[in-house]
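Chains as they are written, first to last, in the numbering used here: chain A, 1 to 425; chain B, 426 to 803; chain C, 804 to 1060.
Please keep in mind that the hints were generated in silico from the structure rather than gathered at the bench. It should be emphasised that the depicted structure is a prediction, and the values quoted were computed from it without experimental measurement. Ideal Cβ placement from N, Cα and C applies to all residues, glycine included. Among the clues, some could well be false.
Cβ-Cβ distance ranges computed for the label pairs, FRET-style [as the list claims (entries may be wrong)]: (1) A:Glu114 <-> B:Ser612: 50 to 60 Å; (2) B:Leu769 <-> C:Ala969: 28 to 38 Å; (3) B:Asp731 <-> A:Asp193: 34 to 44 Å; (4) B:Leu609 <-> A:Ala403: 52 to 62 Å; (5) A:Thr172 <-> B:Gly446: 33 to 43 Å; (6) A:Glu114 <-> C:Ala915: 56 to 66 Å; (7) B:Gly446 <-> C:Ile1035: 26 to 36 Å; (8) C:Ile1035 <-> B:Ser601: 37 to 47 Å; (9) A:Glu168 <-> B:Ala646: 49 to 59 Å; (10) C:Arg833 <-> A:Ala403: 21 to 31 Å.
Derived SDA-like pairs: lysine to any residue, alpha-carbon spacing no greater than 25 Å straight-line [as the list claims (entries may be wrong)]: (11) A:Lys83 <-> B:Ile776; (12) A:Lys258 <-> A:Arg218; (13) B:Lys751 <-> C:Asn1005; (14) A:Lys351 <-> C:Lys912; (15) A:Lys287 <-> C:Ile1035; (16) C:Lys878 <-> A:Gly422; (17) B:Lys751 <-> A:Gly422; (18) A:Lys382 <-> C:Gly917; (19) A:Lys242 <-> A:Asp318; (20) C:Lys871 <-> A:Ala404; (21) A:Lys382 <-> C:Gly1008; (22) B:Lys515 <-> C:Ile1035; (23) A:Lys421 <-> C:Tyr894; (24) B:Lys741 <-> B:Asn635; (25) C:Lys1012 <-> A:Gly385; (26) B:Lys649 <-> B:Lys515.
Stretch by stretch, here's where chain C covers chain A in the computed footprint (C-beta under 8 Å, at least three residues) [unchecked claim]: (27) 233 to 239; (28) 386 to 392.
Here is how the chains run, residue by residue.
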Amino acid sequence: MNQQNHDRAESLPIPAPDLKVIDQMQIGFVKRFTDVKQAKLEGKPVVYTTVLAPREILQAMGVPYVFGNVLGAYVSIFGYSAKYCQIAEDLGLSREVCAAHRCTVGLSQHDEREDFFNLAYTEPDLVIGSNFPCSAESKSFLYVIDRYKTPSYIIDTPANTWKCPVPEHAVTYLARQYQGMIRFLEENGYTLDMDKLREEVAFSKRLNELIAEVEVYRRAVPTPIKAYDSVIAACTPLLVSKESGAELLFEKLRDELKERVDNGIGIVPNERLRLLWIGIPPLCDFKLLNYPEKHGAVVAKSLVEFLTGFNLDPDLIDPDNPLESLARASISSPINPTSQGMVDYFVQAVKDYRIDGVVSITKRTCCLLPGSQRLIKDAIFKETGVPSVIFDLDCIDARDYDAAAAHANLDSFVEILMAKKGAAS
Amino acid sequence: MNNITPLKSITPFKEAIAAPGKIALDWKAHNGKVIGFRCISVPEEIIWAAGMLPFPLYGTQEAVRLADSYFQPCTCEFVRNIFDLALDKKFSFLDGLVLSNTCDIMKRFYDLWNAYIDAPDAYFINNPQKLMQDANRDYHVEEFNLFKKWIESISGASVTDKKLNEAIALYNETRSLLKEIALLRKSDPPLLTGTEAFIISMGATILPKNAVNPLLREVLAEIKERQAPDVFGARILVTGSIIDSPDLIEMIEEVDGVVVADDLCTSMRYYWHQVEESPEPIHALYSYMNKRPYCACMHPMGARFDYIKDLAREFKADAVIQFNLKNCQPFLFDAPLLKKELELMDLPISILDIGHDRSGYGQLRTRIQAFIEMFDIE
Amino acid sequence: MILAGLDVGALWTKAVILKDGAVAVYSVARTGDMAEEAAEQCLNGVLASAGISRSDVAAVAVTGVGKKLIPFADKQVSEIVSAAKGIQYLYPDMEGVIDLGGESTRVVKFEAGGGIVDYAQNDKCAAGTGMFLDAMSKVMGIKVEDMGALSLQSTAEVNITSMCVAFAESEVVSQVHRQTPKKDIVRGIHKSIASRVYGMVNSVGLSEKNMVIGGLALNVGIIACLEELMKIKLAVPENPRIISAIGAAFAASQQGE
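Could you build all of it, start to finish, from the sequences and the hints given here?
Put into structure tokens, the structure is as follows:
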């Protein structure tokens, strides 16, 4: 990269994509936003919803939709968290409320938005909310309903206290919730073609199979994909549809990773440590994910895929039984409380991705993870002997972000892991 | 506040709140097993019908110590406090624990209890969080049936429909008596203070219902005979996160507020509605849980707000106070929207953050006093 | 091999010279406003006391909150590692350290003579640190160095429940107005600090083979309260304030270039 490009890259709030296909994925995101805008102009009711809602149904019914979570994330990524959180707080929302959702609420309550948000945010006509996976998710969409006085439907997702297999009455209940969602959309002008739904579910299955293939390459040493790139890849199924070429993008991703792995190419020239990042990615300082690379430590795997409903088990997805299988896959997702699913997943991930150390961050306004961190840490250590560090990192509301402390914590942990590895060799 | 003749019949309720464990140990010595539970979405009647005592988990006002090694300090103080008690073996007398699908941190409590407390694994009732709808019937009924099986496995006794209906009748009587007492607060001035009413309500959630019903009748009789308390002040409705001590109600009433009603799980929400008589008691319990007032963890939010507004009208509240435990996401999210809703009926609301361990109570009292002083009550 | 270690804290800078496997000299001075200058002076001071020059020293290692401000150091070592290594250097059988600092507290568990197994650190709030004690001493009007001994004279339980300095100050003021004996209030303050530390000790699972270092380790009241919670007798090294500086130097010699 020449100096000019390097300086430009340094000045951006986000790291430059490393893999070629990631740039294409990001371009695909922009197309999604413009498609929704166009649909609104054509008089189609726009739905505001959550990334963990069954988008297969929305796709099959031709519904244009915006994801509150994604918009809130962009607020933080592009450096506007202070502004939009303040807007939410001026409404009376406490600063103790989840920072990610304060960003989302603030954005929905204010009409003067920056260019990017004017593109990405389209005023909704309908709201589909959900309690999956946490209390904050369960409440923040109420502010959008209140602002726009929209009709709404709430999907009630059972917590997963059964691990696997999930019992039939829970699957049936969630499938009925999805039927309710379909009826709600039909009442608001949309129609469902069951064949289309089967196609969309088949496509989700295919995508999850491709994702599983991609994950096999991610486990390689040295790791072939940067943490930021993996986050973009995780968001792609949400924002790039079948028609817009999502399948091809994942095939390209798989092939690019395969090429690197076959040639032993890693993201850093001398990979010394592999880290697992548990916790919301540092949205207001995305480059923090790449920070440990200066020590030769890479973030080989993170939690982000669950936050975007990415890593559903493809074997559970059955196009001939669309609603029930989506319900089963959703309830079984590791992000669905209670914590056992997440614990089991991370213990396995530490083994699969050959992790040397786990970084477990506490966002102090979160309710989902801070009660599970010790449990996950102990389970990983007991099974694998791999240590975890737990530290506070408020990385969504920039007013609370302490880069120096974050660096110091990562430096300390990497130092300890290096010493441990050095002693072992 | 002046001219209040203390109620003698309130003593057993006070004692229950001060030492709930004693009630449980006494039951174990004479009657049988004790099953802990949290929250009130657990159908106690099923436990009672099996011959066991349902024991609500309450905290103390001590600072959290050991639990911070398991929960991050940014999580709910109430849950950390009861986890502290669990780590300290203060719940070791329980023969079982049942938890339910309410908020994030209660789900973490379930996980951490199973992982770290030296006791049998807790049971989790996976109740729906979207209520007031028929679509959850089959699911919720099945969850209750599974819970019943678990209870039977612990008690060794079968929970027949007959026993369940008897339990429902007993609990309905408790609810009815408590409601009768609560309705005495509609008058101006109310015939009992908010502090008295809270102590009686919360005490009643702890005491075995066959023992508490005669005690409630004594309370009613004594209230009717005593001289009405000479209490005048701003009529306050209290809502918020779990309040498991009379402190906050007392604080309001020390600064010339009168707590006439509440939307609290330790008080009026516990008993406001009745379970309908039915040949299918599990279905009756389901209908009760599906339709009665609920906390901010549940949907639809609108129904909760309507309940608060109706209660405020019925009890002629001058204002509402909502107490939010630190980091309590469901109530924190609701607060500004509730405020907007109450403004439409010209009902002022003060939203106050509280710690579970009495920290900052000096400043809190000042804020409550300032709020109450806004109301010029003669 | 001669090694130099610096621990640059917010209030105090410590320097040590390690020679022939022992501490040759050490010095403690105020950090003041200019950390680099203070560190330079401290280092020069110990070099002079040891009768050696800078070129005799194999490496200068620095730790502490101000470590990034010391460009002349050869090596930066994290406070966690330096606390652990400091104890390992002097007491090779130990398996843990509790570092009670002025602004931060850490608990580190390690294998005897080996690597770090787990650690917990509080550097976000005053609870459990010297800052909490400083704030309370001002409220009580008692010199901070007298607080520990006074707490040992306590005969009654007083609970200061809040971990937040602002609320705790309020509680202390209320107790003073209630004429609660100062020795009992002071013990309540010490218990509050100790309980925060104990939470960290518990999360890491320290064995009995550990020692307490840092400025607050000199406070007999804190030590007594911690011993009560941990149900063991705690050991404090002779100079608990310089252990991290020793550890920085030792860690640097182990890590090599």
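Going down the list of hints, with the structure as the test:
no.	hint	in the structure
1	A:Glu114 <-> B:Ser612: 50 to 60 Å	57 Å, holds
2	B:Leu769 <-> C:Ala969: 28 to 38 Å	36 Å, holds
3	B:Asp731 <-> A:Asp193: 34 to 44 Å	38 Å, holds
4	B:Leu609 <-> A:Ala403: 52 to 62 Å	59 Å, holds
5	A:Thr172 <-> B:Gly446: 33 to 43 Å	41 Å, holds
6	A:Glu114 <-> C:Ala915: 56 to 66 Å	57 Å, holds
7	B:Gly446 <-> C:Ile1035: 26 to 36 Å	29 Å, holds
8	C:Ile1035 <-> B:Ser601: 37 to 47 Å	56 Å, violated
9	A:Glu168 <-> B:Ala646: 49 to 59 Å	52 Å, holds
10	C:Arg833 <-> A:Ala403: 21 to 31 Å	28 Å, holds
11	A:Lys83 <-> B:Ile776	24 Å, holds
12	A:Lys258 <-> A:Arg218	9 Å, holds
13	B:Lys751 <-> C:Asn1005	24 Å, holds
14	A:Lys351 <-> C:Lys912	24 Å, holds
15	A:Lys287 <-> C:Ile1035	45 Å, violated
16	C:Lys878 <-> A:Gly422	17 Å, holds
17	B:Lys751 <-> A:Gly422	44 Å, violated
18	A:Lys382 <-> C:Gly917	19 Å, holds
19	A:Lys242 <-> A:Asp318	17 Å, holds
20	C:Lys871 <-> A:Ala404	10 Å, holds
21	A:Lys382 <-> C:Gly1008	13 Å, holds
22	B:Lys515 <-> C:Ile1035	23 Å, holds
23	A:Lys421 <-> C:Tyr894	23 Å, holds
24	B:Lys741 <-> B:Asn635	33 Å, violated
25	C:Lys1012 <-> A:Gly385	21 Å, holds
26	B:Lys649 <-> B:Lys515	39 Å, violated
27	233 to 239	violated (count 0)
28	386 to 392	holds (count 5)
In terms of the numbered hints stated before, the structure departs from hints 8, 15, 17, 24, 26, 27, listed from lowest to highest.
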